[in-house]
Each structure stands twice: as C-alpha cells, then as structure tokens.
Amino acid sequence: MHLSPHLHALEAESIHILREVAAGFEKPVMLYSIGKDSSTMLHLARKAFYPAAIPFPLMHVDTTWKFREMILFRERMAKEHKLNLIVYTNPAGHEDNVTPFTYGSARYTDIMKTEALRQALDKYGFDAAIGGARRDEEKSRAKERIFSVRASGHRWNARNQRAELWRLYNTRLGLGETMRVFPLSNWTELDVWEYILAESIPIVPLYFTKERPVIRRSGAWIMIDNPEKMVYEPGESLELRRIRFRTLGCWPLSGAIESEAESVADIVAEIRGARYSERQGRLIDSDQAGSMEKKKQAGYF
Amino acid sequence: MSGEKSLLRILSCGSVDDGKSTLIGRILYDCGILYEDQLALLEKERTSEGLPDFSCLLDGLLAEREQAITIDVAYRSFRTATRRYLVADAPGHEQYTRNMITGASHADVALLLIDATRADKGLLPQTVRHTAIASLLGIRDIIVAINKMDRVEYKQSAFALIEEEYREKICELPFRSVYCVPVSALHGDNICHKSEATHWYAGPTVLDILENWEPVNATSQPFRMPVQWVARQGDFRGLAGTVVSGELRPGQKLVVQPSGVTATVRSLASFDGNMPMAARDQSVCVQLEEDVDVSRGDILADEDVPLDVADQFAARIVCLSESALVPGRSYIFRHGTSEANATILSLSSCLDLNTLCEAPAKELKQNDIGSIKISLSRPLPFAPYNENQDLGGFLLVDRVSGNTVGAGMLQYALYRSHTIQRHNFTINKAAQATQKNQHPCVFWFTGLSASGKSTLANLAAQELYAAGRHIYTLDGDNLRHRLNRDLGFTMGDRAENIRRAGEVACLLADAGLIVLASFISPNKEERAALRERFESGEFFEIFVDTPLEVCAARDPKGLYAQAVSGKIPNFTGVSAPFDVPDNPDLHLDGTKKPEELLVQLMRFIMTQV
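Respectively, the protein sequence lines represent chains A and B.
Per this note's numbering: the first sequence = residues 155 to 455.
Per this note's numbering: the second sequence = residues 2 to 610.
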C-alpha cells in the first residue's frame with residue numbers, strides 16, 4: 155500500500171538509526187515488548203537489514219503477568235521470522251512473589267520491569283538497547299535524545315544530554331556507559347497505526363475489539379486474563395464488555411477502552427477522533443508527579 | 002494522493018520568557034488536537050491572569066516546571082489536514098545554546114519569538130544569537146512572531162519598531178524569506194486565526210505560512226550516499242545507506258570514494274521488491290555489478306561528479322563542551338558514516354553574536370562559534386556544508402569520555418591538502434627494519450617530573466645499544482630547547498608539544514629505529530591520540546609511577562620548590578593535573594631502585610623488539 159510522504163520520511167529515518175546501531179555498537183539488543191510499537195520496530199529492522207537477517211537479538215523482559223495472547227504472539231513471531239529471542243524474568247522478584255496484587259503498581263514495576271531490565275542488560279553485557287518509546291507519549295520523553303546515554307547503573311541525566319545534530323549520531327561510550335536508542339522517537343501513535351495499516355504488520359489481537367471479561371477498577375476496564383490469579387477487591391464484579399487495548403502491558407495494570415474497532419482501519423479512524431491520550435490507560439504513569447522522569451532516572455526505559 | 006505535503010520540521014526559538022512554549026501550546030490547542038486529559042491539565046494550570054497556561058503542555062522536566070523555564074529541546078508532533086509537523090521547542094537561556102543547535106540542525110523553518118512589550122528596549126542578545134545560529138545551520142526561512150501584542154494594545158507602532166530593527170540587524174544573513182507576524186500566543190491572535198485586533202496587518206497567520214511552505218528546490222543534484230552497512234546474504238552483497246543527494250537508478254555509473262574505484266548499479270534491493278529509483282532521504286540497499294571493495298564509511302557518488310577529497314579544511318565550529326576546544330588537541334571526527342582523528346590546527350576567529358562580526362580568539366568556550374582550520378588523519382570525501390548538510394556537517398568527539406564536544410560545518414578544503422601528495426618511497430619502514438634486523442617501535446615513558454622517566458630510558462638505551470640495537474632517545478626537556486622552543490605550558494601548547502613529539506617519534510620509527518621517549522604527557526586524551534598514530538604493536542605506554550611526595554623530595558632541578566612557591570605556574574602535580582594511565586602497557590613502581598626497575602623494563606622491551 156502507498157505510504158504517505160511523512161510516513162516515508164519517518165520510515166527512512168528509523169531505518170537509518172537501526173543501521174547506525176548495528177554498525178556502531180559491539181553488542182546491541184532490541185527490546186521487544188510485543189505491543190504495536192515493538193511490532194513496528196521489528197518490521198523496520200527486517201527492512202533495514204534486508205535481505206540479511208536482523209544482526210542483533212531481541213529481548214523480552216517478561217514479568218510473567220503479560221496477557222496470554224501476547225506470549226502466543228511472541229512465540230509465533232519468533233518462529234516465523236527465525237528471531238534470536240531472549241526472554242528474561244527477574245528471578246528475585248519471582249521468588250519473592252512480587253505481583254501487581256501484592257505490591258503497589260509503582261513498586262511492582264520497579265522490581266519486575268526496571269530492575270529486571272537492568273539485570274538483563276548487565277547479564278548479557280549489551281552496550282546498546284533499542285526501545286520503542288515515542289516522544290509523543292509523555293513529556294519527559296519529548297525531551298530525550300534518539301541516542302540517549304546512560305551512566306553506569308543505567309541512570310539518565312536529563313540535564314546533561316549530548317547534542318544530536320543532523321543524521322550524525324555519536325555512538326561512542328565512556329567507561330561504564332551504555333546507550334538507549336529510540337528509532338520511533340518522532341512517530342506519533344497515529345503514525346504507528348497508519349504505518350501498520352499501510353504495511354499490513356501483524357499485531358496482537360487484543361488491539362481489536364471483542365467481548366471480554368472485565369471489571370471496573372480506578373476508572374479503567376481491567377480484563378481478567380487469568381481468573382486463577384486474579385485478586386478481586388470488595389464490590390468488584392465480572393462483566394462482559396466489548397473492549398480493546400490501546401497499549402499492552404501486564405494485564406492487571408492495563409486499562410482497556412470500550413470500542414467498536416475490529417480492524418486496523420477501524421483503529422486508525424478511532425485514533426483520529428480520539429479524545430484521550432494513549433497513556434491514560436496505563437496505571438503506572440500517574441503514581442506521582444513527574445513519575446516517568448523519576449523512573450527513567452532510576453533506569454526505567 | 003500526489004497533493005500530499007511532506008513532513009515539516011520547525012524550530013521554535015527566541016529569548017527566555019518571550020513565550021515559545023506558550024505559542025506551541027496554542028497551536029496544538031487551536032488545531033484541536035489536544036486530548037481531554039491534556040485539556041484537563043490546562044484547566045488546572047492557569048497563568049496569573051487566569052488564562053490557560055499553554056506552556057504546561059511542553060515544559061516536561063521536573064526542573065523545568067520548578068524553575069518555569071525550558072532546559073532542553075522538546076519535540077512535539079501535530080498535524081493539520083495539510084501536513085504533519087514536528088516542532089523542536091528550543092530553550093531560551095544562553096547556557097542551553099547547544100540544545101538549541103540540536104533542534105536547529107533538524108529544522109526546515111525557524112519560528113522566532115520576540116516580546117512586543119520590549120519594543121523600546123532594543124533586541125535582546127539571545128534573539129540575534131538564535132537568528133544567527135538558525136542561519137549558520139542552514140535554515141533558509143524564518144518566521145518572526147512578535148508576541149504579546151495584547152500587552153501593547155495591538156499597536157502597529159510597537160510592531161513596526163521591532164520589525165524594522167530586526168530586519169536591519171539580520172540583513173546580511175542569507176535567508177530566503179523573513180516573515181514578521183504580530184501575534185498573541187496567549188489569546189491566539191494571528192497564530193491559526195486572523196486577528197480582529199490587528200486590522201492594520203494584511204499578511205498571513207503563522208499557520209498559513211507553515212501550511213504553504215515549500216522546500217528549496219533540490220532536484221538535479223548529483224547522487225551521493227554514505228555507506229552505512231554492508232548487507233550479506235548468501236551470494237548477495239548490498240551496500241545499505243541513506244541517499245543524501247540526487248537520485249539513483251539501475252545501470253548508473255558510480256565511483257566509490259575515497260578509493261576512486263568505479264562501479265555500476267545492478268539493482269536497488271528492498272524488502273518490498275527491487276526499486277526502479279531511489280531519491281534523496283530514501284534508505285536503499287545498492288547491489289553493484291562489479292565485486293569491488295566497499296565498506297562502511299565509504300561514499301558512493303556520481304561517477305561524472307565525484308566529491309572533493311581532502312584532509313585539511315576551513316570550518317565553522319560550535320563548542321558544545323564545558324572545557325574549551327584547544328588547537329593542538331586531538332579529537333575523533335565523525336562525518337557521514339566515517340570516523341577519523343582530527344587536530345584543530347588553528348583558531349582563526351570567534352563570532353561575536355551581538356554584532357554578528359568575527360573577533361579574534363585564543364580558545365573556544367562552551368557555546369562559542371569559531372572559525373578553525375582542522376587537519377584529519379586521512380583524506381575524506383566531503384561537500385561544503387552550505388551545499389550539503391550530510392556531507393559537510395561533522396562532530397568532534399572526546400576520545401576518552403565519548404562526549405560530543407563540537408559540532409562543525411566544513412567550508413572548504415585548504416589549498417595545501419589539494420597539492421601535497423604523499424609519495425611512496427621504495428626504502429620504506431619495512432626495508433629499514435629488515436636492514437637493522439629489528440622491529441621498530443616506540444616506548445613512551447609517562448609520569449611526573451622527577452619520577453625517573455629519563456633515568457630509566459637512558460639505562461635502557463645503554464643496554465639496547467650494547468646489544469647492537471639501533472635506537473634513539475627522545476626527551477621532553479631536550480625537545481623544548483629546539484623544535485618546541487616556541488611552546489609554553491598552557492593546555493594548548495602542552496597538547497601541541499606532545500603532538501610534535503609524537504610525530505618525531507613516528508618519523509624515527511619509520512626510519513627503523515627503536516625510540517625511547519620520556520615526556521610527562523599528563524593528559525590522557527593526548528596519550529590516547531599518540532597511540533592511534535601508530536600501528537598496533539608499535540607503541541607502548543610505560544607508566545613510571547612515583548608518588549608526588551617522592552618526586553618533590555628528589556627535585557633534582559629544584560622545580561618543585563619553585564612550583565610550590567608559585568614561581569612556576571601550571572606545574573604538573575602541583576598546579577596542573579596528571580591523568581593516571583588507566584591501562585598502561587607496563588606499570589613501574591618508581592619508588593624502587595633504578596637497577597631493579599631496569600630488569601623489569603628490559604624484560605618487557607626485549608619481548609617487543
């Protein structure tokens with residue numbers, strides 16, 4: 155399908171960035187979170203190195219609380235595209251039974267995502283990690299460079315970022331430093347969906363509306379992906395709703411929206427008329443003021 | 002959908018408090034693209050006048066909200082029915098100029114704000130500075146939004162006063178268009194909607210100008226593509242990169258630069274099938290007919306119109322680091338997809354951003370824009386920056402920290418690099434080495450003054466000489482009497498001192514000799530640069546590690562006593578730093594007896610020569 159000029163420009167920029175990562179680092183990795191942004195990145199990486207295979211592994215930091223359909227999709231993609239896929243779970247968090255129900259969402263995210271990611275990067279000795287974050291997602295992300303240096307301990311120093319000019323990315327690292335790279339920085343949610351539509355990129359079916367079992371919690375629809383693990387609060391009752399997800403994460407923390415979108419074209423139409431930003435469904439960002447920036451300083455992606 | 006317009010990248014700039022973030026927030030609001038949760042935030046955040054605070058949509062860092070200023074570039078996307086926009090909202094404070102430059106290098110159009118309430122006080126330095134930087138980085142169109150018109154009762158006189166002063170100030174800068182628009186970001190006048198309050202203004206609104214913007218016509222430029230990556234799959238070998246100029250088609254004749262080998266395009270491979278043509282800004286994978294040697298860093302160019310190749314340039318440079326850029330010091334030079342070592346040969350001048358005139362300068366401090374002469378370790382194909390940003394823009398990177406310390410724009414190749422050709426002599430280093438039956442190399446002794454470097458080098462030289470080796474002993478003090486007599490002890494002079502000593506050592510090794518060189522060489526960047534001057538196995542760093550107290554107690558020349566009393570400034574260890582080597586090839590404990598150290602030293606040397 156025809157790509158509009160701006161999607162064409164965004165695609166070329168992302169491909170350029172991915173190749174610079176492959177050429178500029180000794181051991182890069184692409185973080186794969188199974189969502190639409192990761193699906194887009196995977197597609198771009200396949201294009202960037204075509205006809206050769208993607209020259210770096212993909213890594214999924216698995217909290218063990220992802221939707222089952224996400225894991226099925228991950229395995230399908232790994233098989234279809236012969237991906238070198240690493241799955242990592244924080245063993246300490248797992249042994250201590252850190253769940254979204256036993257800990258607050260902030261603490262849970264810190265242990266099972268932030269800490270897990272740090273452990274995984276250290277374990278494999280990756281010097282660059284490619285992530286799917288976009289500048290339109292959140293205000294501190296709007297300020298971050300495409301090639302973003304992390305000091306030892308994976309800390310982000312927002313006030314001392316490298317100048318980033320032209321298409322000329324500085325891939326050099328100082329002692330103990332690693333790099334985070336965001337090839338989708340300049341994309342918006344709508345760009346991603348229009349691109350998925352134009353390029354027929356496969357995505358997890360949870361993005362499409364279906365009648366699903368949900369409860370109402372903190373003003374959001376929470377889908378019961380695994381009834382055996384669900385911990386209900388007083389007054390919560392199960393109901394069936396036609397819902398879909400704008401972002402995917404851990405099922406107890408991902409708010410669904412009521413929607414009639416059954417295809418990517420429907421989703422594009424829906425996003426064009428959307429009245430709420432994408433992250434409002436995520437329960438983790440609104441924990442505290444400037445919460446994303448604080449998470450990033452601590453090493454969250 | 003052939004009528005679709007491209008992505009437009011905007012730089013919003015201007016002095017602090019002129020209302021940049023507010024203006025961008027207003028555009029987002031007027032275009033109706035804010036989400037309900039963002040509008041709810043607007044309801045909460047109000048200015049002192051009780052109007053919505055649009056800047057809260059942009060200032061994203063905690064420190065920014067606390068100090069009510071913009072520190073770093075914020076990127077914002079929005080779209081209208083016509084086109085998709087990407088705005089880089091640059092900080093207004095002078096200390097964040099490097100962040101502004103980051104934004105400017107990506108922009109097609111600059112949107113500059115000026116505060117109308119200051120009409121009688123003259124232009125602020127930052128207004129002129131931002132205009133100059135936008136122009137320097139190649140932005141050709143500038144929209145000057147004269148803001149806060151509501152606070153001057155929408156008077157034409159206030160607007161006209163600023164417009165006149167501004168146009169006069171910048172008339173020398175090569176903009177294609179300069180629009181001045183009277184606006185109020187807070188109330189939305191002439192941003193997206195024509196204002197009732199400025200009936201005297203017949204020009205377009207800010208959004209009108211953006212919607213109708215067209216790129217400078219860049220067709221019929223010759224083809225150029227820096228090679229990013231060589232893709233291999235079975236027998237397939239493709240050269241992947243982004244086209245930075247011109248067009249490419251199968252059958253086209255190319256030259257690989259700098260090698261000069263020619264080749265023909267067989268196909269343009271892509272994930273979606275072979276492409277009939279590739280244009281500027283497209284990413285491609287080029288398959289050649291011939292099996293020629295091409296790797297990352299090479300540039301593919303039109304055979305009939307190759308790029309100039311040079312290793313010495315005149316360039317403009319913006320200093321981005323906290324420490325000054327110094328002539329004589331070596332940096333990593335990143336250009337296109339290639340890297341080289343670079344030394345700033347000389348600093349011609351520094352741009353005075355208040356007067357927009359060049360002024361003489363000795364060093365470039367952070368945010369300074371200077372004109373320099375720069376020399377590279379190898380020749381590179383290039384284009385002047387004003388012809389092509391991708392082939393004329395470069396970064397200087399600190400070789401230890403890896404930080405970007407300078408952003409430069411190549412202007413022209415120096416006359417000398419065109420005319421000086423390297424001559425390959427038959428009696429070369431290999432021939433010299435064979436005749437002397439030894440492996441030429443350099444043993445570089447680093448350490449504090451009086452640490453014992455020269456003593457050890459001298460002892461080792463005697464042993465090697467006695468063993469029939471051909472050697473030379475280089476010494477910092479001796480070199481300063483002759484070759485380096487014009488150099489002092491400033492940072493720049495010290496760097497040049499070591500650079501010259503390294504070059505001499507290199508010539509001596511070329512002559513087949515084993516070189517023993519004793520130089521304090523306190524700076525690790527300079528030592529790292531030295532190492533890169535040699536092939537591997539040719540340069541060995543020997544750290545004579547003697548504590549300062551021991552050196553000061555020895556003090557054979559009485560220098561420490563003078564340094565401590567302040568008679569000698571910049572004395573290493575006393576009033577100037579010594580960077581302890583992280584990973585020397587040999588680490589000698591200078592408190593031990595010289596005879597003892599010599600045994601250890603000779604054991605090391607004999608395994609290398």
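Honestly, the hints are just simulated from the structure, not real lab data.
Warning: the hint list may mix true and false statements.
To be verified - Just so you have them, the derived chain A footprint on chain B, three or more residues with Cβ under 8 Å:
#1 75-88
#2 330-342
#3 445-459
#4 546-558
To be verified - Think about it this way: if two alpha-carbon atoms lie no more than 30 Å apart in a straight line, the pair counts; the simulated DSBU-like pairs of lysine-lysine are:
#5 B:K254 - A:K201
#6 B:K525 - A:K181
#7 B:K122 - B:K45
Don't be surprised by glycine CBs; every beta carbon is placed ideally from N, CA and C.
Now for the hints, and whether the structure bears them out:
no. : hint            : result
1   : 75-88           : holds (count 8)
2   : 330-342         : holds (count 5)
3   : 445-459         : violated (count 0)
4   : 546-558         : violated (count 0)
5   : B:K254 - A:K201 : holds (25 Å)
6   : B:K525 - A:K181 : holds (26 Å)
7   : B:K122 - B:K45  : violated (34 Å)
Of the numbered hints given earlier, the model fails hints 3, 4 and 7; all others are met.
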